[in-house]
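Generate the whole structure from the sequences, applying the supplied hints.
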Amino acid sequence: MHSSLTKYKIGLGVIGLFTVVITIWAVTQASATKQDNNTYNSANNISGKLNNYTDVHDIAPYSLASIGIYNPPSTITYSRLSNRSYRFCVNYKTSSTDFSVSSTESNLLTSNVGDSNSYDSSNYSNNSYLYIDTNHHKGNNCQVVDLYNYNDQYDYSN
Amino acid sequence: MNNEQQPDLKPVPPDEGRLEPLSNVNHKVFTSDFTDTTSQAQDVSVIPNLANTSAQDLSSSDVIPLPVVKVLSPAGVEYVFMTVALLTGEFGLGSVFIALFNSKTSFSVLAYPASLLIVAIPVFAWLFLRLKKGELLNVGRRFDASKRRSTQFIQIFNFVITFFTTIGFVAAIFSKMAGQYSGSMAKLFLDVLVVWAVSGGVLVYYWLDEHKKRI
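Chains as they are written, first to last, in this note's numbering: chain A, 1 to 158; chain B, 159 to 373.
Heads up, some of the hints might be wrong.
Said to hold, decoys possible - Mimicking DSBU-like on lysine-lysine, the simulated pairs with C-alpha atoms at most 30 Å apart in a straight line are:
id, chain 1, residue 1, chain 2, residue 2
1, B, K345, B, K290
2, B, K290, A, K7
3, B, K370, B, K291
4, A, K34, B, K262
5, A, K138, B, K262
6, B, K228, A, K93
7, A, K9, B, K334
Bear in mind the hints are in silico, worked out from the structure with no lab data behind them.
This is how it looks when you write it as C-alpha cells:
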C-alpha cells in the first residue's frame, strides 16, 4: 500500500514545493510593492499641493520646501526648470500591471480574445498639469510640466 | 397500524378511478420508512397513492420504496471537501503558471494565486492521501455512490473548462488571421497549454480512475 501511495506523495510534494517557492517570491515582492504604494500616495499628495500652488501663483515653486513639503520620500524628486516649468520624477521599484490572470482565463473560456479599445495611460500628454498615474514602469517616471499660460491663448487687453 | 384496510394494487376500472373529494378520502401520514406517524387519519393530498394503505401492508406488498432524502456517506462528505480543494488548487496552479508564462511576477499578480495554493494544496493533499488510503484498504469505497458523484463532477467540470478553452484558442487563431487580435499567439498557446495540462490532467486522471474500476 505504501508503494501505491508513494507516487502520489511525490507528486503532491513537488506541487507543495512549487507552492512554497511561489509564496516566498510573493512575500519578497510585498515590501517593494508596499514602498511603491507609499511612494504613489506621497506623490499624489505632493502633486495636489503643486497644482494648487501653480494655480494660485502661476509660477513653478523653487523647491518642494517652499510649498510646505520638507521631507519628501527619496523616491520623489522635484527640479525647477524655469519660472513656468518643472520636472517631477517618481521612482518605483516595480512595474504596475493591469494584467489579470482571471480575466485571461475567462477571456479564453468565452472566446473573447480580440483586441479591446482600452485607454492607454502612457499616452497621457497633458503637460500643463501634474498627474500621478497609477500605471507606471519600474524606475524613474518623470513628467515635465509647462504651466498653462492663459495670456498666450486669450488676449483680454481688448 | 390499521390491518383492516387492504392496499389497492389491482387495476382500477375507469369509473372507479375518478378522484373523490378530500373529505371522503382517508389518508395517512407516512415517513420515508413507511411507519405511520399518526394514530389518527389525516388528510394528505400530496401522496394519494398511499391513501387507505397501512405501513404493514406496504412492507408486505410489491411496492418498492424510493428514498426521499438523499445524504452523502461519511466518506462522500470528505470527497466533496477534496473536490472543492482540488478545483481551488487547480485555479491557483493554473493562474500562477499563466502569470509566469506572461512574465508577470509582481506581487499584485501572484498574491491571490499564491493564497489559493497555500490553503488548497495542503488540504487537498491531506484529504487525497487519506481517501486514497481508505480506497486501498477498502475496495468497496471506490464504488461509493457519493465518491463517484464527486469524481464525476470533477470530470464534467474539467471537461467543460478544457473544451471551451480549446474553442477560445481556435477563435483566437481565427481572430489573428483576420487581424482582430494583435497579441502574441505563442503566449496565448502557453496559456492554453497550462489549462490543458492542469485541467486536462485532472480530467484524464479521474477518467482513467473511473474506467479502471469497471474492469
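Now for the hints, and whether the structure bears them out:
For a cut-off of 30 Å, the pair hint linking B/K345 to B/K290 is broken: about 37 Å separates their Cα positions. Only pairs whose Cα atoms come within 30 Å are accepted, and B/K290 paired with A/K7 is accepted, the gap being roughly 12 Å. Restraint check for B/K370 and B/K291: satisfied, since their Cα atoms lie roughly 17 Å apart, inside the 30 Å limit. For the given pair, A/K34 sits about 18 Å from B/K262 by alpha-carbon distance, which is consistent with the 30 Å threshold.
For a cut-off of 30 Å, the pair hint linking A/K138 to B/K262 stands: about 13 Å separates their Cα positions. Note on B/K228 and A/K93: the hinted pairing is violated, with a Cα-Cα distance of about 56 Å set against a maximum of 30 Å. Restraint check for A/K9 and B/K334: the C-alpha separation of about 42 Å exceeds 30 Å, so the hint is violated.
Violated hints, in rising order: 1, 6, 7; the structure is consistent with all others.
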